[in-house]
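One line per chain: the protein sequences are D and P, in this order. If you use numbering that gives the first Met the number 0, the first sequence corresponds to residues 0 to 787, in order. If you use numbering that gives the first Met the number 0, the second sequence corresponds to residues 0 to 285, in order.
Fair warning: there could be bad hints in the mix.
[As the list claims (entries may be wrong)] Far from chain D, by Cβ distances over 12 Å, these chain P residues were calculated:
1. 0
2. 27
3. 45
4. 69
5. 75
6. 83
7. 88
8. 139
9. 190
10. 219
11. 226
12. 239
13. 257
14. 259
15. 270
[To be verified] What follows is a list of derived Cβ distance ranges for each label pair:
16. 102/P <-> 126/D: 45 to 53 Å
17. 45/P <-> 715/D: 30 to 38 Å
18. 284/P <-> 186/D: 49 to 57 Å
19. 45/P <-> 437/D: 40 to 48 Å
20. 233/P <-> 437/D: 45 to 53 Å
21. 233/P <-> 436/D: 34 to 42 Å
22. 18/P <-> 28/D: 39 to 47 Å
[Stated by the list, open to error] Covered by chain P, per the in silico footprint, the following chain D stretches (three or more residues, Cβ under 8 Å):
23. 109 to 123
24. 378 to 392
25. 649 to 660
26. 772 to 780
The hints are simulated quantities; they were obtained by calculation from the structure and are not laboratory data. Backbone N, C-alpha and C fix where the C-beta goes; we use that ideal spot for every residue, glycine too.
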Amino acid sequence: MTRNRVIGTSVKRREDPDLITGRGRYTDDLTRPGMLHLAIVRSPYAHAVVGRIDATRALEVPGVVAVYTAADLEASGIPGVVPTAWLLPDLKTPPHPLLAKDRVRYVGDGVALVVADSRYSARDGADLVEVDYEPLQGVSNPRKATEAGAPQLFDEAPGNIAFDWELGDAEATDRAFEGAATVAKVALRNNRLIPHAVEPRAALAEWDRSAGSVTIHMTSQNPHVHRLLMSLASLGLPEHKIRIVAPEVGGGFGSKIHHYPDEALAAWCAMQLDRPVKWTATRSETNMTDAHGRDHVTEAEIALDEDGRIVGLRANTWAAMGAYLSTFAPAVPTYLHGTLLSGQYAIPAIHVHVFGVFTSTTPVDAYRGAGRPEATYIVERLLDRAADETGLDAAEIRRRNFVPPDAFPFQTQVALAYDSGNYAPALDRALEMAGYDDLLAEQSRRRADGDGPLLGVGLSSYIEACGIAPSQVVGSLGAQAGLWESAKIRVHPTGSVTVYTGSSAHGQGHETTFSQIVAEKLGLDVDQVDVVHGDTREVQFGMGTYGSRSAAVGGSAIVTGLDKVIAKGRRIAAHMLEAATEDVVFEDGAFQVKGVPDRAKAWGEVVLAAYLAHDLPEEMEPGLEATSFYNPSNFTYPFGTHVAVVEIDRETGVVRLVRYVAVDDVGNVINPMIVDGQIHGGIAQGVGQALWEEAVYDDDGQLLTGTMLDYALPRAHNLPSYELDRTVTPCPHNPLGVKGVGEAGAIASPAAVVNAVVDALFHLGVRHLDMPLTPEKVWRAMKEGGRS
Amino acid sequence: MVPSAFDFHRAGSVDEAIELLGRLPDAKLLAGGHSLIPMMKLRLAQPGAVIDIGRIQELSGVCRDGDVVSVGALTRHGEIAASEELRASCPLLAEAAGKIGDPAVRNRGTLGGNIAHADPASDLPAVLIAVGAVVHLAGPEGRRQVAARDFFVDLLTTALDPAEVITRVDFPVAAPGTGQAYLKHEHPASGYAVVGAAASVTLSGGRCTAASLAFNGISAVPHAADEVVSGLVGGTLDDASLASVSSLLSVRDPLGDVHASGEYRVELARVYGRRALASARDRASG
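Same shape as in the complex, but just chain D (with noise of 0.2 Å):
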């Protein structure tokens, strides 16, 4: 008898019973005794020279302990900086440091700390903190940055150019348009958003003066990274003196990721004082601080023979750093952009040339999708407009573009090896799904009868590379770290186990997803397994959770280490059995002699035998352990096919989304529901981004849009049911055959919709219109049609 298969099912989150009682412990929930609370003193403004400093006032609230600026923090001799973690050539650096010094470059830069015994306190010294500053003229948009007589943010980035990065054969994309039957063009704006976890950043750092060691309770997606970029650059302290632990951690979609001042200031913070500091982030100070997303501008064009077969694409992209790089940054409009714009079609000939340029507002980085939504929303608004110009059908330009089946694995013109697919299908199956030759004759029919509101259908085929990433090629593109990932499988002698990962969760359900994958190697109940991350204490080592990587990578190298363990246990069945170790398998929780079912060894046995050592084969060591370091050969390339449906006021542009139909191939399929969760997460960021979200600046570099009376979020009334299905392309190169799911939703949707709206306007001569598609925006475009 076969047990039934772990792997596959809905498994319940094991994490939700805590979380939704109200059991869960966040970093804010953590008390100490003395312990003090931070408040940071941030800039008004988006570019000023910073003058004296004044604490007298603060200095005299009850509760204020200390007040610093940048000057105590230099006086220290640490070496008081957040790095950048990823290296293009001839990039420039300009030093972060933790606090401003002389200069400050956007709206949140941190100029003060204040120390106090409550955070009522803290907060009321801040606002006596008396700085003088001297503003300067900012500049937010990224292009106008690097313009003549714009205002420069650091002398060693003339024209505020952080980097000057080129992809593709420039010379071959050149003749593939001089030859093209026909060019279609789109200028667009990729809107910033606020990345808005449902947990705002927190730390509680406690000094060990005596061990000289500090523990940081954070909200982080990576504790070791932040461990080592504390240690190297911000704190000076030997990395195994600094403890990171990631309690329960609310959310981050990326900007969790990345290295802050804040968390680092709170430690260094409770050095000087030698009691325990917390800080917590206000919404509106996330909103300020944390790292934005997008923000590009780009113009791009693409070049068809006369079958409607795509010759070459160009695109120039503007892509904002902000006031200063942050961790990732570089490589979010380079590598994981500028590569994707082979997009799910095999195009002959591609450029892209991209900026990254500093402006005078919150650093820019990796957000759900990072890159890829960009670079989606590119290819994907360029078929349609290919569509517009050749006459064809949305649906069968991409048809007859796409990679075939039999050319994978398929070498892009932009890096980039496709290591599976098969795209038809997926596309064949949205268009069923919809409906979508009823749909477009519905969309006919209003027209034709001025009745009801515009109906318009949007396809997006996206393609994104995941499973981040092969250490050596991200190694020889600039990244400052590898990006495998460690797994321990420790087996208890009564036959549970424990693993220990550096995939540390954040809201993805990985203590379910992991314990699934170990009871179906092991052939264990899900319960039987403990899953342990986000503490550098006890985990070995990690790189972390982002990047649609913790199943691919996190999750391959627990199978790894699960496959030591069984070797290790098949040696020491064949000892038990007396047979000889190639003769014994591990199926359905037990070791026996190949095709002798009666000859076996149940799971429990072996372990406990391992611990007794009483009789294990010569020279092995008691115990069964394994740690595993894997490290993936290639991204992973998950795809589909979204469409979106949408219906238009025609007196007033109010956009509604009225259903959305998303088919994706995410390889195997450890757990559907939670599968099913991050698709539809992901789909309301993207259609969030496409209709109402945009982190607003004005010219100078204000954040018009702080708070979330301004910012508009997607809400459940605004979304539909979405409809969704798989199709199942397994991942050849890792042993899980898992693609990764987190960011595919946010990565299709942007395109889906705004395609839909610019069907729905099409007959009124739109050919474009830049996200949030608010209602205005629309009704501008429907009363000035092509003009606009």
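Since the structure of chain D is already known, use the hints to place chain P on it.
Leaving out everything else, chain P in the frame of chain D:
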């Protein structure tokens, strides 16, 4: 929430609240806390004292007396939306109250707190104007009444004197043959009204005998659109006539923000005004 320091008082009666307001410098009344608390959280409001009036029983409830229905200042939006009495006698108020925020907000926020704050994007002010409500105030000098049109003075500013308390608002009971409607274009972030159109029409024998229309969201104080409805009395309120009068809307200094410019708000108001009048007409006929 990390507000600046304040003293907290709880008033047991209206008289005590008035006495405290007169005595304490920089004092603010706290009712449902859905306008004051967010301002304190952002430290945009830093009152020296907060006087909680949330437990004064006499300020709460709905009570009809002849052709007037009185709603206590502390009555929650949720109670108003669910009140059978108001759904019959002033359906416009019940409908608008049901469109404020979400259930949590409606279960805390109060009528008095809402209008005292006088946020131009709030949902209730235009309703008060459209139906001709009367606001009752109590202060150190005694009690007085202010017509809704005179109550809203400017952005976040009312006719309320510093030591006065709103006690109730009187709404005329809708005459037979009256239909009312509140239509709202929600702000995508805040849920407040970018435009909120409050319409009331009375029909008799197929002819309009009374019509009123007021807007939230488009100007610093709610806009009473007399220029739109003045020509409707005596007519049949057919679609063509509603379309024709809706273009007469005229707003000086319309509000605007990153989500909706003044020009667009006025255009939205024309559309929502027309639709609200049509819906009110249909309800009156039905």
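Hints and how they fare:
The claim that residue 0/P is not at the interface with chain D is violated, since a C-beta of that chain comes within 12 Å of its own (minimum 9 Å). With a least CB separation of 18 Å from chain D, residue 27/P remains clear of the 12 Å interface cut-off, as annotated. In this structure residue 45/P is not separated from chain D by more than 12 Å, as the shortest Cβ-Cβ distance comes to only about 9 Å. Against the 12 Å criterion, residue 69/P stays outside the reach of chain D, whose nearest CB is about 32 Å from its own CB.
Look at residue 75/P: its CB is around 21 Å from the nearest CB on chain D, clear of 12 Å, so calling it non-interface holds up. With a least beta-carbon separation of about 26 Å from chain D, residue 83/P lies farther than 12 Å from that chain, consistent with its non-interface assignment. Non-interface call for residue 88/P relative to chain D: holds, since the shortest CB-CB distance, roughly 29 Å, exceeds 12 Å. A cut-off of 12 Å between C-beta atoms confirms that residue 139/P is not in contact with chain D; the least separation is 33 Å.
Against the 12 Å criterion, residue 190/P falls within the reach of chain D, whose nearest CB is about 8 Å from its own CB. Interface exclusion of residue 219/P from chain D stands, the closest Cβ pair being 18 Å apart, more than 12 Å. At roughly 20 Å from the closest C-beta of chain D, the C-beta of residue 226/P stays outside 12 Å, upholding its exclusion from the interface. At the 12 Å boundary, the C-beta of residue 239/P stays outside the reach of chain D, the nearest C-beta of that chain being 16 Å off.
Here residue 257/P does not stay apart from chain D, with its beta-carbon only about 5 Å from theirs, under the 12 Å limit. Look at residue 259/P: its CB is around 5 Å from the nearest CB on chain D, not clear of 12 Å, so calling it non-interface is violated. Against chain D, the non-interface label of residue 270/P is violated: not every CB pair exceeds 12 Å, the least being about 5 Å. Checked against the hint of 45 to 53 Å, the pair residue 102/P and residue 126/D fails, with Cβ atoms roughly 35 Å apart.
Between residue 45/P and residue 715/D the beta carbon distance is about 35 Å. The supplied range of 30 to 38 Å therefore holds. For residue 284/P paired with residue 186/D, a C-beta distance near 51 Å keeps the hint of 49 to 57 Å intact. Restraint check, residue 45/P to residue 437/D: a C-beta distance of roughly 59 Å breaks the suggested window 40 to 48 Å. Take residue 233/P and residue 437/D: their Cβ atoms lie about 48 Å apart, and the range 45 to 53 Å holds.
Taking 34 to 42 Å as the suggested C-beta distance range, the pair residue 233/P and residue 436/D does not conform, at roughly 52 Å. Judged by the Cβ atoms, the range 39 to 47 Å given for residue 18/P and residue 28/D holds: they are separated by roughly 41 Å. Counting residues of the stretch 109 to 123 of chain D whose CB lies closer than 8 Å to any CB of chain P gives 4, so the stated coverage by that chain holds, three being the minimum. Counting residues of the stretch 378 to 392 of chain D whose CB lies closer than 8 Å to any CB of chain P gives 0, which falls below the minimum of 3, so the coverage claim is violated.
Three residues within the 8 Å Cβ limit are the bar, and the stretch 649 to 660 of chain D against chain P gives 3, so the coverage statement holds. A count of 5 residues in the stretch 772 to 780 of chain D with a Cβ less than 8 Å from any Cβ of chain P is obtained; the coverage claim is therefore met, three being the minimum.
Of the numbered hints given earlier, the model fails hints 1, 3, 9, 13, 14, 15, 16, 19, 21, 24; all others are met.
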